[in-house]
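Sequence order for the protein chains is A and B.
Numbered according to numbering that gives the first Met the number 0, the first sequence spans residues 0 to 302.
Numbered according to numbering that gives the first Met the number 0, the second sequence spans residues 0 to 434.
Quick caveat, the hints were computed from the structure, so don't treat them as lab data.
Certain hints may be false.
Unchecked claim - Going by beta-carbon spacing under 10 Å, a handful of chain B positions derived as facing chain A:
{"id": "1", "residue": "L156"}
{"id": "2", "residue": "Q159"}
{"id": "3", "residue": "S407"}
{"id": "4", "residue": "R408"}
Said to hold, decoys possible - Residues of chain A clear of chain B, computed beta-carbon distances all greater than 12 Å:
{"id": "5", "residue": "M49"}
{"id": "6", "residue": "W76"}
{"id": "7", "residue": "M115"}
{"id": "8", "residue": "F117"}
{"id": "9", "residue": "A123"}
{"id": "10", "residue": "L177"}
{"id": "11", "residue": "S192"}
{"id": "12", "residue": "A196"}
{"id": "13", "residue": "I226"}
{"id": "14", "residue": "G244"}
{"id": "15", "residue": "A249"}
{"id": "16", "residue": "F278"}
{"id": "17", "residue": "V288"}
We put the beta carbon where it would ideally sit given N, CA and C, even for glycine.
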Amino acid sequence: MTVKFGIGNKRLRESTLIWFLLFPSLAVFLLYRILPLAWNGVLSLQFWSMYKPPRFAGLYHYKELFLYDDVFRQSLWNTLLFMVGSPIGIALGLMIALLVNRPIFGRNIYRTIIFMSFPVMTVATGVIWLWLFSEKTGLINYFLMYIGLIDHSQPFLEDFNLALPSIVLVSIWQVVGLYMIIILTGLQNIPPSIYQAAKIDGANSWQQFWLITFPLLRPSIFLCLIIGIINSFNAFDLVYVMTGGGPGHATELLITYIYKTAFTLARFDYAAAITVINFSLFLALTWLVNRMSGGNAGAVETN
Amino acid sequence: MPFRASAAFTVIAALISTLLALSGCSNESEPVQNKIVVLTFNMPHYKDGFSRWVAEFHKLHPDIEVEQIDRKGSNWGAFYHTQVISGTAPDIIDTQGGAWLQYASQGGLLDLTPFLEKDAEFTANFYPELLQSWIYEGQNYGIPLYFTKTLLFYNKLMFQEAGITSPPNSFDQLMEYAYKMTKGEKSGFMTLNFDWLYWSLFAMNGIDLVTPDLRHAAFNTPKAIALIERLAKATKDGAISNISWTGRWVEPNSMFAAGQIGMLQAHSTALLWMLSNTSWINENTIGFAQMPGNWSTPNAHALHISADSKYPQAAWDFIKIATSGEGAYSLGISLNNLTGDRFVNEKILDYFSQTKPIVVPLLRTQQEHLNTLVGNWPLANDAEIKEALYPELQSALLNHKSAADALSRAEKKVNHILSRDDRTAQSQSSVSGGQ
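Just chain A, with the same shape it has in the complex (with noise of 0.2 Å):
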């Protein structure tokens, strides 16, 4: 009885241990996160201007996003295609991690280069890749045409149907140094005497991969797809300098509309009520992919 109480008492500080250093983050996150989360659900159910009192509105903003606003619609699409990139620079990360995980000369110099992408400040990203994307003296114009993909230059960035596929694949370009190194981690961890026993058993490169590399990358995929969610979620400021949104609304995501809603037309109720769809939305997609993954994306074995 005595031993069972220590115990009990041991669990019971540790407990309350480990509850005194969580709570300042926990402080803060209820504070920053959920409090304006919460506020914001609210603040999405009622007609509310800078100058007057709140009133309440029911659905309405809910039912004018989905019933009259066309530029609601083609920002969600546009954000689902925004993601589409993500398996794209996933598949080139894993390639390219397969590719610099081989024991080939300079391998270290190639992973920094790669990685190199990331850390780059997205709007300087933007703007480096808005000049090479120029109609008139852009370099990517200039080297489709001489080598002769096109005859005439092309407003990527004012064109209706090249602008967003610009941008995701600036998107692509700036993230797949993330996923290679979090792919190569992965990589790293599979130990080798797996790969000897499959030799053994007459198993070929094309078999080791589909049998043994991609099922135990499993959790390191479903990190990266993640984060290409949030990415896509979060691609605010290289939408913003690259092109605003436009051409029309074509390049519009749900983060650039919510800001355009709420700062440029001043309109903070709408904003919330598409700012919760967007976070509902985002919330789902996570837990799918997380449920996919088997509920462990990034999960690090312990034992």
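Given chain A's structure and the hints, the job is docking chain B onto it.
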């Protein structure tokens, strides 16, 4: 005992870190009494001039401090909105374009009509057409600080090469000249188009944005469809540079400065930017004219007083100093712009005739035809209407969709905004009435 000591240490450390973490929430600065705050719009270089305004102000109100907060245009709105929401709206704000309409319509700005009536001598300094630009539902909410309006810059060398002897005086001629000057990388015409800058093209073709009662869209007409189709075709043909429809500022001005554009519709301020980026521009190579029909879009700045300012009279006195007499003069020569004070403007023109003669004919265009300004409709949701309309027009102008489809969709959106205004206003008043 060792555990107790370490647990106590942990508890204290956790509490300290919590306090540190939460300290960001506390308001460290105590509100200073007897102070007015002036939020200016993209005037970081005007510190000395602002100090002179404050020195003059202190002669009248020695006990009231003045604080200037300046924000760039791109984040002015976000800053002001957060200040209002947090209950610390600046006493005086400097707005650009139609943003003030939303603030005035929601009761955020003070009606300045009684001040203007009381200070008749001060009021008489201003161009009546400009003062008119800040009237919403019969009340005046702003005093002009400085203003520019659009005009047509033209490249005399390209005119000469194409055999054109004078600027166009009709829309047809504008298009004809644009085609004449288009060759290779060179385009005949370009326009800036943020805010309502492009509307002069619509106005000269007899197209209205809204009905006279401001309750319905009026732009979806066969004339407007024909105009957009014509502009879109000229864009496709290269006679109008497609950069015209991107909403950018630097790129169009750069292209004109690079000698690639025959005619550019832009604000007068574009000239100084061009002069600082190229050497070929001088009195013999660049011309300034009104757009056909003398239509132009203002890009005016005004000072307003917040409705909940504690010192409205002091704020008004500050505005008088900044917008007239010596205060306006020093601002005008610093910004290379005209002010709302017509007498001060003559002094500013005298100054520039001595120092920068090239800008004098340019600034003269700014004083003319103030009765044909467009893009300054007193619509409470001006920004929202602009956002609803322009992307649709842009789609048609860049040949992404048909003009008829774009105008039809834009009309639906604009009418929805105008009708929603009515509905939300009714909802607000009915709830208020019930209390």
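A quick look at each hint next to the structure:
no. : hint : verdict
1   : L156 : 20 Å, violated
2   : Q159 : 24 Å, violated
3   : S407 : 12 Å, violated
4   : R408 : 8 Å, holds
5   : M49  : 4 Å, violated
6   : W76  : 15 Å, holds
7   : M115 : 28 Å, holds
8   : F117 : 26 Å, holds
9   : A123 : 17 Å, holds
10  : L177 : 28 Å, holds
11  : S192 : 42 Å, holds
12  : A196 : 47 Å, holds
13  : I226 : 26 Å, holds
14  : G244 : 9 Å, violated
15  : A249 : 8 Å, violated
16  : F278 : 21 Å, holds
17  : V288 : 31 Å, holds
Comparing the model with each numbered hint stated earlier shows that hints 1, 2, 3, 5, 14 and 15 do not hold.
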